[in-house]
Amino acid sequence: MDLDKSIIGLTSKEYVFEVENRHVGQFAAAIGDNNPLYTDESYAKQSAYEGLIVPPTFPIAMNNGDVELPIDLDHRRMLHGEQEFIYHKPVRVGDRLHCQLKVSDLYDKEGKSGNMQFLKLDTEMKDETGELVCISRMNIVYRSLAK
Amino acid sequence: MIKDWVLEELVVGQKTEPMMKPPITKVQLAQYAGASGDFNPLHLDDEFARKIGMDGVIAHGMLVMGFLGEYVMKIAAQQARVVNFNMRFGNMTFPGDEIRCSGSVDSLHRS
Numbered sequence: 490m491d492l493d494k495s496i497i498g499l500t501s502k503e504y505v506f507e508v509e510n511r512h513v514g515q516f517a518a519a520i521g522d523n524n525p526l527y528t529d530e531s532y533a534k535q536s537a538y539e540g541l542i543v544p545p546t547f548p549i550a551m552n553n554g555d556v557e558l559p560i561d562l563d564h565r566r567m568l569h570g571e572q573e574f575i576y577h578k579p580v581r582v583g584d585r586l587h588c589q590l591k592v593s594d595l596y597d598k599e600g601k602s603g604n605m606q607f608l609k610l611d612t613e614m615k616d617e618t619g620e621l622v623c624i625s626r627m628n629i630v631y632r633s634l635a636k
Numbered sequence: 056m057i058k059d060w061v062l063e064e065l066v067v068g069q070k071t072e073p074m075m076k077p078p079i080t081k082v083q084l085a086q087y088a089g090a091s092g093d094f095n096p097l098h099l100d101d102e103f104a105r106k107i108g109m110d111g112v113i114a115h116g117m118l119v120m121g122f123l124g125e126y127v128m129k130i131a132a133q134q135a136r137v138v139n140f141n142m143r144f145g146n147m148t149f150p151g152d153e154i155r156c157s158g159s160v161d162s163l164h165r166s
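Which chain is which? The protein sequence lines are A and B, in order.
Sequential numbering of the first sequence, starting at 490, is according to the numbering used here.
Sequential numbering of the second sequence, starting at 56, is according to the numbering used here.
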C-alpha cells in the first residue's frame, strides 16, 4: 500500500528534550569530533556562537526513543535518503527543547524501478519561550518491496 | 581548511583543505549507537546484517554525516555560524572504510 497525501500535517505528541553535557560529550567522542566549541568555554565565547554549542548533527540524537506518528509506516520500506539541519538559534547544553515530529510533505517520483514515494519528516525544536531553534529534516525514500 | 579566512577574500571555486578520518571501527559504531540512540542491528550485529543480504554490518549514515559536520565546523571555525547543513546519502559505508572530506566555495552572497 502506498501512502496517502492525507498524512501530510500529522504530528507526534510533543516531548521535551534536555540537552545534557555527558550526552553531547559521548556524541562528539563517537564521531571523533574534538572541536573546542563543544568543550572550551572561553574559546566558544570568542566565536560567532558566543558560547558552547553542540555538534551540528546532534539534534538527530534528540529523541527519547518512543516518538511516534499516528500512522503505520513499514520500516523495511524506509530508506534515509537525505538529512538536513536548519538552525534558527544554536543548541546548547542545558537547553530544554520542546520537540515534535511532523509529516511535512509526501510526493511521488517516477524512478528506474517504477513509482517511488518520498516522505519528508521534520522534527521542530522550540525553546521555552516558543521560539524555533532547529529543524531536523529527514527525507525518506518509501520503496516498494520486492514481490 | 582555509586558515583564518575573511569573507571578503574568499573566491568562488576555492578549495578547502581535505580532512581524512581514521578507519571506521565496529567499536565506534557501538559508541555511535549509544550516543545517538540508533540501535538498529544492521549497524551492530554481523549475523543480522548477513541475514538480510549484506556482507556484514554497515556504518550509520548519520555517523558519516557527523564526520562532515566536524569538517564543516572546522571550516567555519570561530568566524561563522552554520545555519543550514544538508547531506544526501549516496553509498553504504563499512567498518574499515576511511572517509575523506573535501570542499569548495560554491557561491558568496550577502543578505
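You may find that some hints are simply not true.
What the hints assert, rightly or not - Heads up, simulated EDC-like pairs for lysine to aspartate or glutamate below, C-alpha to C-alpha not over 20 Å straight-line:
1. B:K129 <-> A:E573
2. B:K106 <-> A:D529
3. B:K129 <-> A:E530
4. B:K129 <-> A:D529
What the hints contain is simulated information worked out from the structure, not anything from laboratory work.
Enumerated hints in conflict with the structure, sorted upward: Structure breaks hint 2 only.
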